[in-house]
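S.K.: Each chain, letter by letter, is given below.
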Amino acid sequence: MSLVRPIATKELQEIIRDGRLRLLGGIVVILALAALAFGAQQTHRAQEAREHASERAEKQWEGQGEKNPHVAAHYGTHVFAPTSVATAIDPGVTAYLGRSVKIEAHKRNLAAHSAAEDSASFQRMGSFSVSMVLLLLVPLLIIALGHGLWSRERESGTLRQLLSTGVERKSLLFGKAIALFLSIALLLVPAAVLVLGVLWALGGGDASTLMRLALLGLGYCVYFGIFGGLTLYASAASGSSRAALVAMIGAWGLFCLVLPRAATEVASAARPLPSQASLARDVAKSLEVGIDGNLEREAAVEALVEDMLAEEGYSDTGMLVDAATISGVELQAEARWEDSIHDHHMRALSDQMSAQEDFVTLAGFLSPFVAMRSLSAGLCGTDYAHHRHFTEYTEGWRKSLVTMLNKAFADNAGDAGWDYKAGPEVWKNAPAFNYAEPSPTFALQVHLRSVLALALWAFLSLGLALRSAQRVRVT
Amino acid sequence: MVLKAENLVKHYGDHPALRGLNLEVGAGEVFCLLGANGAGKTTTIQLFLGFIEPTSGSAKIQGLEVRENALETKKFIAYIPENVMLYPNLTGLENLEYFTTLAGITHVWEAELRTTLDRAGLPADFVDQPVGTYSKGMRQKVGIAMAIARRARLLLLDEPTSGLDPKASNEFSQLVTTLRDEGVAVLMATHDLFRSREIATRIGIMKRGELVAEFAAAEVSHTDLERIYLEHMHD
Numbered sequence: 001m002s003l004v005r006p007i008a009t010k011e012l013q014e015i016i017r018d019g020r021l022r023l024l025g026g027i028v029v030i031l032a033l034a035a036l037a038f039g040a041q042q043t044h045r046a047q048e049a050r051e052h053a054s055e056r057a058e059k060q061w062e063g064q065g066e067k068n069p070h071v072a073a074h075y076g077t078h079v080f081a082p083t084s085v086a087t088a089i090d091p092g093v094t095a096y097l098g099r100s101v102k103i104e105a106h107k108r109n110l111a112a113h114s115a116a117e118d119s120a121s122f123q124r125m126g127s128f129s130v131s132m133v134l135l136l137l138v139p140l141l142i143i144a145l146g147h148g149l150w151s152r153e154r155e156s157g158t159l160r161q162l163l164s165t166g167v168e169r170k171s172l173l174f175g176k177a178i179a180l181f182l183s184i185a186l187l188l189v190p191a192a193v194l195v196l197g198v199l200w201a202l203g204g205g206d207a208s209t210l211m212r213l214a215l216l217g218l219g220y221c222v223y224f225g226i227f228g229g230l231t232l233y234a235s236a237a238s239g240s241s242r243a244a245l246v247a248m249i250g251a252w253g254l255f256c257l258v259l260p261r262a263a264t265e266v267a268s269a270a271r272p273l274p275s276q277a278s279l280a281r282d283v284a285k286s287l288e289v290g291i292d293g294n295l296e297r298e299a300a301v302e303a304l305v306e307d308m309l310a311e312e313g314y315s316d317t318g319m320l321v322d323a324a325t326i327s328g329v330e331l332q333a334e335a336r337w338e339d340s341i342h343d344h345h346m347r348a349l350s351d352q353m354s355a356q357e358d359f360v361t362l363a364g365f366l367s368p369f370v371a372m373r374s375l376s377a378g379l380c381g382t383d384y385a386h387h388r389h390f391t392e393y394t395e396g397w398r399k400s401l402v403t404m405l406n407k408a409f410a411d412n413a414g415d416a417g418w419d420y421k422a423g424p425e426v427w428k429n430a431p432a433f434n435y436a437e438p439s440p441t442f443a444l445q446v447h448l449r450s451v452l453a454l455a456l457w458a459f460l461s462l463g464l465a466l467r468s469a470q471r472v473r474v475t
Numbered sequence: 001m002v003l004k005a006e007n008l009v010k011h012y013g014d015h016p017a018l019r020g021l022n023l024e025v026g027a028g029e030v031f032c033l034l035g036a037n038g039a040g041k042t043t044t045i046q047l048f049l050g051f052i053e054p055t056s057g058s059a060k061i062q063g064l065e066v067r068e069n070a071l072e073t074k075k076f077i078a079y080i081p082e083n084v085m086l087y088p089n090l091t092g093l094e095n096l097e098y099f100t101t102l103a104g105i106t107h108v109w110e111a112e113l114r115t116t117l118d119r120a121g122l123p124a125d126f127v128d129q130p131v132g133t134y135s136k137g138m139r140q141k142v143g144i145a146m147a148i149a150r151r152a153r154l155l156l157l158d159e160p161t162s163g164l165d166p167k168a169s170n171e172f173s174q175l176v177t178t179l180r181d182e183g184v185a186v187l188m189a190t191h192d193l194f195r196s197r198e199i200a201t202r203i204g205i206m207k208r209g210e211l212v213a214e215f216a217a218a219e220v221s222h223t224d225l226e227r228i229y230l231e232h233m234h235d
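Residue numbers (our numbering), protein chains in the order written: chain R, 1 to 475; chain Y, 1 to 235.
Derived by calculation from the structure, the hints in this document are not laboratory data. C-beta atoms are modelled at their ideal positions from N, C-alpha and C, and glycine is treated no differently. Be aware that one or more of the hints could be misleading.
Listed next, with one range per pair, are the computed distances between beta-carbon atoms [what the hints assert, rightly or not]:
no. : chain 1 : residue 1 : chain 2 : residue 2 : range
1   : R       : Glu-155   : Y       : Asn-69    : 23 to 31 angstroms
2   : Y       : Gly-63    : R       : Glu-155   : 32 to 40 angstroms
3   : Y       : Ser-56    : R       : Leu-186   : 29 to 37 angstroms
4   : R       : Arg-471   : Y       : Val-212   : 31 to 39 angstroms
5   : Y       : Val-212   : R       : Ala-243   : 37 to 45 angstroms
Produce the entire structure from the sequences given, and follow the hints as far as they go.
M.R.: Quick look at the structure:
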């Protein structure tokens with residue numbers, strides 16, 4: 001095995017000298033840098049827009065003047081999803097998910113104003129990002145550089161010459177694999193340093209982002225290793241370099257184009273999502289007659305009011321409870337009823353989306369592209385799980401804001417009743433919206449199946465490469 | 001004996017390529033295998049290289065069974081085929097260094113390798129040129145240089161002078177003779193009766209996988225050799 005180094009050095013020399021690396025690598029690096037510039041610009045623009053809109057919403061909320069707290073809850077405010085700096089690498093599904101949520105009483109709104117909605121239609125034709133270059137084009141580069149590593153030796157007769165020296169086939173395999181890996185690293189490491197610099201400039205220097213990027217780098221190394229292993233296998237097992245190239249391009253098409261699309265289509269068919277209109281209809285119906293259709297809104301709210309009055313110790317006080325308190329409790333009871341309906345429907349929707357995601361991630365066991373795509377978006381915080389994490393926090397915050405406003409009404413309205421008007425002292429007491437992105441561990445937990453799929457692919461490709469190296473035909 | 005074949009049999013499916021070959025080559029001996037295409041010469045060499053496995057019988061190098069000691073036996077061998085294939089983007093020196101290192105000869109000084117290439121007859125101004133610019137004769141010389149650098153005990157030559165011009169062929173033969181004189185055992189498969197008579201100590205004629213004749217090269221003249229060869233070919 002001590003011969004691995006000279007073998008890798010010689011292979012690298014050959015790859016560099018024959019000009020393929022310069023030509024193909026140059027194209028991939030230029031595309032990666034263009035995608036980075038594009039992604040960085042988009043991320044920067046999104047960050048600015050978010051900061052600007054957040055500031056405006058905050059000013060509007062605090063400067064809304066005097067009004068009844070429940071009326072204020074109706075007017076509501078907006079909160080905005082954070083833009084992770086890693087979006088510059090992998091925008092994931094963020095372009096198709098809403099970036100802002102309207103917060104108001106009685107309603108749980110879906111996130112709205114996605115980048116895709118705001119884009120011109122031609123911009124939706126395909127995403128161009130660093131992750132797409134890494135996921136789609138780098139494997140092609142690996143195939144282009146590696147498909148002849150065994151087969152060309154056999155075709156030119158150097159394999160016979162090599163094996164007559166008594167060198168172990170395992171050493172040859174590892175030498176070739178290392179050379180292939182180094183030739184890719186030679187291109188990607190400088191590009192990665194540039195990516196880090198850009199992310200740093202975008203404000204991504206915190207420990208969590210760095211950890212996410214480190215894991216992302218590791219994930220991509222494994223992903224490239226899988227394609228490297230499969231390419232070496234095809235090169236050793238195929239009858240000629242051309243056959244190895246055709247086989248690997250076919251595998252690439254299957255893994256990166258056909259299976260991801262098929263998995264998404266099957267998932268959509270198996271677990272269809274309701275349209276926004278039908279969801280709104282179902283929610284409206286449930287609000288009137290309950291989830292199972294047997295509980296009228298009025299009766300349900302009345303029961304909740306009684307429970308809440310009992311909780312507050314007012315059940316036996318009869319006429320001593322003032323009207324404003326009763327109104328405040330009624331509002332809270334209404335909110336509870338509405339929340340239970342919204343939660344039910346949103347949970348069902350979310351479960352359906354998760355089931356779709358689960359199905360697609362299962363396809364990761366058939367395609368390393370699918371596994372890495374899910375993991376990449378997860379580590380960049382741009383997958384659906386991160387979006388759900390944000391919307392769940394937002395819903396919790398909405399509930400606490402509405403509760404706080406209704407309580408302010410119940411506690412302070414007194415005889416003024418619905419004429420009571422609160423001022424800035426109440427608006428300033430609104431709970432702080434302090435959303436923090438989940439840790440990298442969250443991403444790993446959510447995408448554990450993808451991690452497992454990649455690990456299995458890595459073992460499989462290494463096993464195939466080793467087996468084929470032992471059996472590679474000399475003539 | 002450096003090389004020994006005992007009842008060596010090789011079948012490709014139903015086709016017998018070797019039928020019980022018995023052969024011995026000692027140190028300082030050149031054994032030339034003559035025969036028509038398909039006679040079993042290349043199969044014999046490939047069996048000793050361990051590239052194919054015998055159907056039955058034994059192929060030994062330095063007393064070690066090749067089948068069971070494929071890597072160990074290769075330490076003693078240098079192999080020069082009809083076309084020595086090298087890496088066209090590497091120079092002659094780099095190719096020599098690479099193949100020598102893979103053969104387990106590490107820490108060889110560059111000057112030593114240059115001397116070896118010079119001894120093999122490669123023109124000095126080509127040593128640092130990419131092998132892609134070399135003629136066939138020059139590549140064969142790099143092959144000889146590999147054998148010298150590896151200090152091989154056994155040279156397996158598979159039609160090494162085929163396609164070489166007479167001058168290059170003569171130079172090659174002289175190099176083989178030099179190595180023979182240094183104690184290297186040589187098994188050479190060839191069609192070249194003239195060169196065989198020049199450099200061989202013993203000559204064998206193969207036909208349909210069998211060694212049908214074997215004699216000392218010194219016992220026959222060029223004319224006798226041609227006659228014997230043709231007699232066997234016409235049977």
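S.K.: With reference to the structure, classify each hint as holding or not holding.
M.R.: Taking the hints in turn, this is what the structure says about them:
no.	hint	in the structure
1	Glu-155(R) / Asn-69(Y): 23 to 31 angstroms	holds, 29 angstroms
2	Gly-63(Y) / Glu-155(R): 32 to 40 angstroms	holds, 36 angstroms
3	Ser-56(Y) / Leu-186(R): 29 to 37 angstroms	violated, 51 angstroms
4	Arg-471(R) / Val-212(Y): 31 to 39 angstroms	holds, 35 angstroms
5	Val-212(Y) / Ala-243(R): 37 to 45 angstroms	holds, 41 angstroms
Of the numbered hints stated above, the single one contradicted by the structure is hint 3.
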